[in-house]
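**Student:** All residue numbers for the sequence shown refer to my numbering, where the first residue is 950 and numbers rise by one.
Think of the hints as simulated: they come from the structure by calculation, not from any bench.
Computed from a predicted structure; not experimentally measured.
Heads up, the beta-carbon is just placed ideally off N, CA and C, and yes, glycines get one too.
Accuracy of the hints is not assured; some may be wrong.
Said to hold, decoys possible - Here are the simulated BS3-like pairs of lysine-lysine, each with C-alpha atoms no more than 25 Å apart in a straight line: (1) 1071 with 995; (2) 964 with 1037; (3) 1062 with 1037.
Said to hold, decoys possible - Taking CB as the label site, the calculated pair distances span: (4) 1066 with 1095: 43 to 51 Å; (5) 1112 with 975: 14 to 22 Å; (6) 1034 with 1113: 37 to 45 Å; (7) 1098 with 1012: 48 to 56 Å; (8) 997 with 1109: 38 to 46 Å; (9) 981 with 1055: 47 to 55 Å; (10) 981 with 1042: 25 to 33 Å.
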Amino acid sequence: MKKSRVFEIAYVGLKSGEHLFEYQIDNTFLERLGYEGEPLNNLDCKVNLRFNKLTNLFQLDFDFNGSAVVTCDRCGDDMNLEIWDEHKLIIKISFDDALEGPVEEDDVVFIPKHETVIDVSKWIYEFLLLSIPMQHVHGTGADGESLCNPEALKMLERFREEQEKDQRQNIWKDLDKLKNN
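Please model the entire structure based on the sequences and the hints provided.
**Tutor:** Here is the structure:
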């Protein structure tokens, strides 16, 4: 993983209150973090981060807006996926001397009091993945028809029919076995 200071926030020098940070995320972001094998192509996402500095506490509001190209799980063709989501994170400064690095608990992260910067790249990556649905399937057009590849849909229908036919035949085979015993 290559270290990038672009995603580091030096909170020690910031005044109390709200600060805005903008990040443009693309495939080079994933490569820099070492996630080249991700199923996202042509990633283009804008992340607006509202960083609210309070006493011994930081509230981070991430706002994602963009798109990526993913593979449709049904037909195997590429499809454009819109990404939009919001995530919140609370960071608290811990005065526990035994704390070596950041410790995460639910949506609260504890950082040691001697830290001077917060690297948000890991959270941007995690929240980006949480913004992507588990299943990628083309939607339907205005006429209600699937936007998936028609040839792939025909092939899937053929496989489904063959499977149903085999299932019906297997039921009768099992009944014949019972009859013959």
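**Student:** For each hint, tell me whether it holds in the structure or not.
**Tutor:** Against the structure, the hints come out as follows:
With a C-alpha separation of about 16 Å, the suggested pairing of residue 1071 with residue 995 holds against the 25 Å cut-off. For the hint pairing residue 964 with residue 1037, the CA-to-CA distance comes to about 21 Å; that is within 25 Å, so the pair holds. With a C-alpha separation of about 22 Å, the suggested pairing of residue 1062 with residue 1037 holds against the 25 Å cut-off. A beta carbon spacing of about 48 Å between residue 1066 and residue 1095 agrees with the range 43 to 51 Å that was offered as a hint.
Roughly 41 Å separates the CB atoms of residue 1112 and residue 975, a value that falls outside the hinted 14 to 22 Å. For the pair residue 1034 and residue 1113, the supplied restraint of 37 to 45 Å holds, since their beta-carbon distance comes to about 39 Å. Residue 1098 and residue 1012 have their C-beta atoms about 34 Å apart, which leaves the hinted 48 to 56 Å range violated. The hinted range of 38 to 46 Å is satisfied by residue 997 and residue 1109, whose Cβ atoms lie roughly 44 Å apart.
At about 28 Å, the beta-carbon gap between residue 981 and residue 1055 misses the expected band of 47 to 55 Å. About 28 Å separates the C-beta atoms of residue 981 and residue 1042, a value consistent with the hinted range of 25 to 33 Å.
Going through the hint list in order, the structure does not satisfy hints 5, 7, 9.
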